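Participant: Chain by chain, the residues run as shown.
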Amino acid sequence: GIQVEQSPPDLILQEGANSTLRCNFSDSVNNLQWFHQNPWGQLINLFYIPSGTKQNGRLSATTVATERYSLLYISSSQTTDSGVYFCAADQNFVFGPGTRLSVLP
Amino acid sequence: DGGITQSPKYLFRKEGQNVTLSCEQNLNHDAMYWYRQDPGQGLRLIYYSQIVNDFQKGDIAEGYSVSREKKESFPLTVTSAQKNPTAFYLCASSKASGLAAINEQFFGPGTRLTVL
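Chains E and Z, in that order, give the protein sequences. The first sequence begins at 1347 in this note's numbering and counts up one residue at a time. The second sequence begins at 17 in this note's numbering and counts up one residue at a time.
Everything labelled a hint here was simulated from the structure, so no lab data went into it. It is possible that some hints are incorrect.
Just the calculated beta-carbon pair ranges, DEER-fashion [said to hold, decoys possible]:
no.: 1; chain 1: Z; residue 1: THR130; chain 2: E; residue 2: ARG1446; range: 16 to 26 Å
no.: 2; chain 1: E; residue 1: VAL1410; chain 2: Z; residue 2: THR95; range: 39 to 49 Å
no.: 3; chain 1: Z; residue 1: ARG29; chain 2: E; residue 2: SER1422; range: 43 to 53 Å
no.: 4; chain 1: E; residue 1: SER1372; chain 2: Z; residue 2: ALA77; range: 15 to 25 Å
no.: 5; chain 1: Z; residue 1: GLY32; chain 2: E; residue 2: PRO1451; range: 46 to 56 Å
no.: 6; chain 1: Z; residue 1: ARG60; chain 2: E; residue 2: ASN1384; range: 16 to 26 Å
no.: 7; chain 1: Z; residue 1: ARG60; chain 2: E; residue 2: SER1397; range: 37 to 47 Å
no.: 8; chain 1: E; residue 1: ASN1384; chain 2: Z; residue 2: SER23; range: 37 to 47 Å
no.: 9; chain 1: Z; residue 1: ASN42; chain 2: E; residue 2: GLY1403; range: 20 to 30 Å
Away from chain E, derived, C-beta distances all over 10 Å, residues of chain Z [said to hold, decoys possible]:
no.: 10; residue: LEU27
no.: 11; residue: ASN34
no.: 12; residue: ASN42
no.: 13; residue: ILE67
no.: 14; residue: ASP70
no.: 15; residue: GLY79
no.: 16; residue: LYS86
no.: 17; residue: THR102
no.: 18; residue: VAL131
From a predicted model like this one, the values you see are computed outputs, not experimental measurements. Ideal placement from N, C-alpha and C gives every residue a C-beta, glycine not left out.
Given only the sequences and the hints, what does the whole structure look like? Please build it.
Facilitator: Laid out in structure tokens, this is it:
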């Protein structure tokens, strides 16, 4: 089956900094989502983005399907951005291992 | 409001007991999913269902069972055969599983199961 990798595994930022999270997948996909898991465990939908670019406030995402990767950009990070970011790919949503982000005040 | 509910939020079980986790959705979604998450880990697929009265095993189905008698409901039973059931269990749903469909997945709040 498809393999999904994420990098970096851990990221520590100072408030106000920008960051880029990467998701690589081993085969072509027809679904690609980014989620944020908050400290209480709730998974929050960020983007449904099998291809192209989308923006939502300080967050944006780009998926280059032909090269099998997706990027999540966080600009002007805030402490509330802390948590784990997951990408999930393919028809049955194979999850990557996540990137744990800590934003320090 | 439309959404996915899971109950209970916390569940404690003695070894050797079966326990059933509830998942209900009112989004009119066809597909439903169960995932397991261990501390510091990603999500692993247990079972999924694309239509009523049909379901498929995921990557870690051993020791679990499901049913899909209604479109809105997809309960998960953790049986005594599951060797290490303590984990966080997440239910999700999506509109469709067809290759050409927009298939955005939405999650419930989760159930934390602890085996004593």
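Participant: Next step is simple, just say for each hint if it's right about the structure.
Facilitator: Evaluation of the provided hints:
| no. | hint | verdict |
| --- | --- | --- |
| 1 | Z/THR130 with E/ARG1446: 16 to 26 Å | 23 Å, holds |
| 2 | E/VAL1410 with Z/THR95: 39 to 49 Å | 43 Å, holds |
| 3 | Z/ARG29 with E/SER1422: 43 to 53 Å | 44 Å, holds |
| 4 | E/SER1372 with Z/ALA77: 15 to 25 Å | 22 Å, holds |
| 5 | Z/GLY32 with E/PRO1451: 46 to 56 Å | 47 Å, holds |
| 6 | Z/ARG60 with E/ASN1384: 16 to 26 Å | 20 Å, holds |
| 7 | Z/ARG60 with E/SER1397: 37 to 47 Å | 26 Å, violated |
| 8 | E/ASN1384 with Z/SER23: 37 to 47 Å | 19 Å, violated |
| 9 | Z/ASN42 with E/GLY1403: 20 to 30 Å | 28 Å, holds |
| 10 | LEU27 | 14 Å, holds |
| 11 | ASN34 | 24 Å, holds |
| 12 | ASN42 | 17 Å, holds |
| 13 | ILE67 | 14 Å, holds |
| 14 | ASP70 | 14 Å, holds |
| 15 | GLY79 | 20 Å, holds |
| 16 | LYS86 | 22 Å, holds |
| 17 | THR102 | 14 Å, holds |
| 18 | VAL131 | 18 Å, holds |
Comparing the model with each numbered hint stated earlier shows that hints 7 and 8 do not hold.
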